[in-house]
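Residue numbers (UniProt numbering), protein chains in the order written: chain A, 1 to 308; chain B, 1 to 308.
No lab work stands behind these hints: they were computed from the structure. Keep in mind that a hint or two might mislead.
No distinction is drawn between identical chains; accordingly, a pair holds when it is met within one copy or between any pair of copies.
For lysine-lysine, the following DSS-like pairs were computed, each having C-alpha atoms within a straight-line distance of at most 30 Å [what the hints assert, rightly or not]: (1) LYS21 <-> LYS141; (2) LYS86 <-> LYS193; (3) LYS298 <-> LYS250; (4) LYS206 <-> LYS276; (5) LYS21 <-> LYS193; (6) LYS276 <-> LYS193; (7) LYS86 <-> LYS3; (8) LYS206 <-> LYS86; (9) LYS295 <-> LYS193; (10) LYS250 <-> LYS206; (11) LYS86 <-> LYS298; (12) LYS295 <-> LYS206; (13) LYS206 <-> LYS193; (14) LYS24 <-> LYS206; (15) LYS206 <-> LYS298.
Number of protein chains: 2
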Amino acid sequence: MSKLVIVGTVAFDAIETPFGKTDKILGGAATFIGLAASQFDVDSAAVSIVGGDFPQEYLELLSNRNINIDGVEIVKEGKTFFWSGKYHNDMNTRDTLATELNVLADFNPDVPKAYRNADVVMLGNLHPMVQMSVLEQMESKPQLAILDTMNFWMDCALEDLHKVIAKIDVITINDEEARQLTGEYSLVVAARKIQELGPTYVVIKKGEHGALLFHENNMFYAPALPLEEVFDPTGAGDTFAGGFAGYLAKTEDYSFENMKNAVIYGSTLASFCVEKFGTERMQNLTSDEIDHRLKEFKQLTQFNIELS
Amino acid sequence: MSKLVIVGTVAFDAIETPFGKTDKILGGAATFIGLAASQFDVDSAAVSIVGGDFPQEYLELLSNRNINIDGVEIVKEGKTFFWSGKYHNDMNTRDTLATELNVLADFNPDVPKAYRNADVVMLGNLHPMVQMSVLEQMESKPQLAILDTMNFWMDCALEDLHKVIAKIDVITINDEEARQLTGEYSLVVAARKIQELGPTYVVIKKGEHGALLFHENNMFYAPALPLEEVFDPTGAGDTFAGGFAGYLAKTEDYSFENMKNAVIYGSTLASFCVEKFGTERMQNLTSDEIDHRLKEFKQLTQFNIELS
Chain A
1 MSKLVIVGTV AFDAIETPFG KTDKILGGAA TFIGLAASQF DVDSAAVSIV
51 GGDFPQEYLE LLSNRNINID GVEIVKEGKT FFWSGKYHND MNTRDTLATE
101 LNVLADFNPD VPKAYRNADV VMLGNLHPMV QMSVLEQMES KPQLAILDTM
151 NFWMDCALED LHKVIAKIDV ITINDEEARQ LTGEYSLVVA ARKIQELGPT
201 YVVIKKGEHG ALLFHENNMF YAPALPLEEV FDPTGAGDTF AGGFAGYLAK
251 TEDYSFENMK NAVIYGSTLA SFCVEKFGTE RMQNLTSDEI DHRLKEFKQL
301 TQFNIELS
Chain B
1 MSKLVIVGTV AFDAIETPFG KTDKILGGAA TFIGLAASQF DVDSAAVSIV
51 GGDFPQEYLE LLSNRNINID GVEIVKEGKT FFWSGKYHND MNTRDTLATE
101 LNVLADFNPD VPKAYRNADV VMLGNLHPMV QMSVLEQMES KPQLAILDTM
151 NFWMDCALED LHKVIAKIDV ITINDEEARQ LTGEYSLVVA ARKIQELGPT
201 YVVIKKGEHG ALLFHENNMF YAPALPLEEV FDPTGAGDTF AGGFAGYLAK
251 TEDYSFENMK NAVIYGSTLA SFCVEKFGTE RMQNLTSDEI DHRLKEFKQL
301 TQFNIELS
């Protein structure tokens with residue numbers, strides 16, 4: 001069975017949307033990535049940090065999904081990373097109400113020995129030097145290293161970001177961030193410039209407009225499933241990344257053709273994530289539900305023009 | 001051979017983009033629709049109005065593409081409709097610099113007798129009562145009536161717009177307009193509400209993000225082909241509509257399954273339109289070029305997940 005290392009935040013989120021608001025609930029990039037990846041038959045390990053205030057039941061929620069949590073450091077006297085945000089009516093924009101780094105400020109990830117030969121490494125959004133540290137701990141070069149990042153690091157740690165981008169195989173990034181990183185408006189041109197920085201594969205996430213996969217001169221486009229209602233977009237990007245990474249780790253096929261399927265799985269899982277607050281929908285998602293939605297994706301995108 | 005009636009403006013456009021600017025060049029909804037539809041083996045007629053200032057060579061450009069122009073009224077003492085616009089750097093937004101209605105202010109469309117039994121009627125963006133007048137001139141109910149409209153008519157002629165929407169089979173509308181018409185943010189909900197107004201099929205155009213087709217509980221999504229460079233978006237929506245209408249008229253199959261193909265043809269033709277100023281790219285487009293781009297669309301969207 002393939003091994004997958006997931007590094008990222010395990011956190012508390014408090015979310016307000018036009019549909020309601022939550023108290024502190026389970027959140028964090030590694031949480032969403034892990035829950036999505038756990039839909040696939042892979043041996044995953046989360047590498048993260050939490051405070052003494054983090055409920056045991058949340059940790060069990062992860063380990064019950066066969067996510068190894070030996071690499072989740074618990075700082076008894078510390079507090080868990082906390083993020084709070086409020087979504088606008090269009091659900092595409094949000095205001096950050098609070099960001100309390102807490103224990104994350106001193107996070108030195110420690111990949112468990114048993115996972116230092118992992119096949120796939122998924123670097124969730126964190127300081128680029130923290131991401132780099134995980135890569136450096138790997139005893140053998142992973143088959144695939146995937147990196148997610150955001151504009152914040154382009155603003156305040158661009159040089160470090162360039163260093164880690166040079167080391168990875170796949171980057172997942174949203175459209176505005178791809179434009180910021182390259183200074184190019186066209187996503188086709190931006191993706192080419194990002195490939196020149198290191199990663200052979202570039203995934204550009206466009207939120208409700210889907211995701212684009214670029215590799216050399218090849219492109220693939222997966223729409224987001226149009227939904228009646230987006231309840232809470234928090235974690236959708238991480239869920240996408242988790243589905244993408246989990247599917248590739250399971251199939252052990254890192255070709256462009258198979259990455260198309262991985263993008264579809266990522267989009268499919270993300271379409272569930274947004275249906276409820278936080279991780280709620282992802283906690284009890286069944287494989288039948290996933291199969292049914294994959295069929296909807298197929299109907300949504302497949303057509304039958306015969307070409308000579 | 002199927003007959004296709006196209007009503008819309010035949011006009012002068014002056015366009016400014018980050019790549020350059022034009023003098024008065026050939027434009028207008030019926031022009032773009034007609035040029036796109038002329039890629040298919042159909043008997044098309046344009047119904048429009050121009051002034052005495054309109055060059056004979058522009059009319060010949062249409063008739064040379066086998067578009068019947070008996071329904072294009074020439075008002076010798078009048079001036080042709082003129083639109084001028086300037087696109088912003090993102091190419092998704094533009095300022096209208098001038099709109100001179102001229103002869104369009106008194107346009108009473110007159111569908112040539114030979115086309116009053118047309119199979120397909122494509123109502124380009126115009127005052128809803130002008131669109132209605134064309135429908136009323138038809139001697140037999142067309143197999144398919146398609147309507148394009150815009151927010152301007154929602155602002156100033158909503159009641160008339162509702163009347164004509166109730167009479168047609170397919171509406172093409174952009175995402176913001178669909179939201180304005182229904183007061184719903186979710187495009188899935190908006191499309192359902194629009195279907196309740198009359199049209200069985202709803203096409204929502206999302207510009208660089210592609211187009212969605214809705215019919216009962218079915219959805220289909222065609223991306224826009226990601227391009228290195230969008231040179232001039234003018235006419236892309238009309239070109240989409242012309243490809244859509246032309247393909248359906250040629251194939252005489254008005255099912256949802258075939259409309260998927262029509263949406264792909266529309267998107268394909270629109271992807272050429274934006275490569276040059278105005279109608280330039282559409283004037284010399286070959287079927288080989290179209291076939292090649294259809295293959296690119298297939299590669300862009302088709303995947304191979306086996307489902308049980």
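Discussion item. Hint by hint, where does the structure go against what was stated? Just the numbers, ascending.
Written reply: Numbers 1, 7 and 11, in rising order.
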